[in-house]
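Given the coordinates of chain U, assemble chain R onto it according to the supplied hints.
Chains as they are written, first to last, in numbering that gives the first Met the number 0: chain U, 0 to 224; chain R, 0 to 236.
Hints are computed from structural coordinates only; laboratory data are not their basis. Do not rely on the hints blindly, as some may be mistaken.
Claimed, not checked - Computed footprint of chain U on chain R, listed as stretches where at least three residues anywhere in the stretch have a Cβ under 8 angstroms from a Cβ of chain U:
| hint | stretch |
| --- | --- |
| 1 | 56-64 |
| 2 | 87-96 |
| 3 | 160-166 |
| 4 | 214-222 |
Ideal placement from N, C-alpha and C gives every residue a C-beta, glycine not left out.
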Amino acid sequence: MFLHTALLVLRKDFTIEVRSREILYTTLLFAFSCVLVFSIAFVKQGQPLEDAAAGILWIAIEFAGTIALGRTFERERYGETLRALLLAPASRAAIYVGKMLGILLLLAVVELVLVPLVTILFHAPLLAQPARLAALLAAGTLGFAAVGALFAAMLVRARSRDVMLPILLYPITIPVMIAGVRGTAALLQSPPDTASVTMWVGILSAFDVVFVTLSLWTFEPVMTE
Amino acid sequence: MNDAALDFESVRAADVSRNFGRRRALSKINLTARSGDIVGLLGPNGAGKSTLISVLATLATPTSGEVLYGGQTASRLGPALRRRLGLLAHELFLYPELSARQNLAFFAALYGLDGREVVDAALERAGLADRADEEVSGFSRGMRQRLAVERALLHRPRLALFDEPFTGLDDRAVTMVSDRLRALAAEGAIVIVATHDLDLADGLVTRIALVKDGRLLADEPAADGLRARYRGIVGNG
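Bound conformation, chain U alone (with noise of 0.2 angstroms):
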């Protein structure tokens, strides 16, 4: 039954976006405005920083994240229909998940666009080594879309929700973008320094437990008034 309510939350999350394409729309165009931005800024004469590609990716799917995030809820702040969610008989851990899956499907096909472009503007051979890359991408996204999706719903009714989330989420996401960034940099080494790419997975992974752990727990209770 959890699992049941958390793909239906999910699916309609989904039907919906696939019938307005506002949310991907929005921040695809943003993650390519910043990428673009930043290669502009940080890559001289074909010659990139040194670990500039590694931080840009994640700032990027930072950024574009917090918008997807602020979207998703906004949808569920029009018509109340978060409190919907809430009154009916389902778990409410289980919507939580629905919702958070839905930001992480979201964000995986943000970066499927990011990793490319990345790659081609700064020169990184991201995709050199993908099942580590993968693996890099998945473990941190879903601590940042474990917290943001909590955050998110727990200002839905906030009027200053928009200011408020970025300042919730990100000094509390800061473990996971130092992992992920330093995670991207070994791997982005030459050559590739797999054993710190393993433990920074390793790291992120037990911040997805924690971060994972913490939101199921308090979800119910921080979302009744």
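Coordinates of chain R only, in the frame set by chain U:
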């Protein structure tokens, strides 16, 4: 939790108060509604009607006091209680990007209902069977309101809570919704309707609860001359 406990015969707010910061939205409300009742929660804007509806719907917790569903609290009955609650609030709880059918099918699935038949019947009752596959964003306020009423009643709730259910409805739709509420009460549901439209409440509600400034000023059987009674207790506010 067994189903018998969830077929509660009454809901009782016992000394319920609710504060928002330093503002007291509800002050020691004592109110009982029984199976078959249609309770009109009447009062001016800002009286606390919507807050009381939220508390009864378990979406807000009382600052003090408790709500008893057949003698048991929401925390004791657990999430299964929500299967027996239906709420139509100010906002309609509908996704404008989805069609009428998709909205109802989503909520039916969320309540564990067997989809197609339930949804078709609800669309028929809402008078939207021929526009079932159109996006809700293209509907008039009245059509959305009718759809929202059916969404709230999809799972045949034991306690049906309505906050201004007649907003945006034409005469025919008002009659449809009123008849729907009467039928619901006749089936044994407890119906609570918050409204400040006394003309619509008159003749529909079987009890009235008059609220002003978060306080319950009267709780009595509905009788003729509702407007005069209201003015006598609440004033013109």
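Chain U covers the stretch 87-96 of chain R, three or more CB atoms within 8 angstroms, holds or violated: Since three or more residues must qualify, the claim that chain U covers the stretch 87-96 of chain R holds, with 9 doing so at under 8 angstroms.
Cβ contact check, 8 angstroms cutoff: the stretch 214-222 of chain R against chain U, three residues minimum: With 0 residues in contact (Cβ-Cβ under 8 angstroms with chain U), the coverage given for the stretch 214-222 of chain R is violated.
Annotated coverage of the stretch 56-64 of chain R by chain U, confirmed only when three residues or more have a Cβ within 8 angstroms: holds (count 5)
Take the stretch 160-166 of chain R, compare each residue's beta carbon with every beta carbon of chain U, and decide whether three or more fall closer than 8 angstroms. violated (count 0)
In the structure shown, a violation is registered for the earlier hints numbered 3 and 4, in ascending order.
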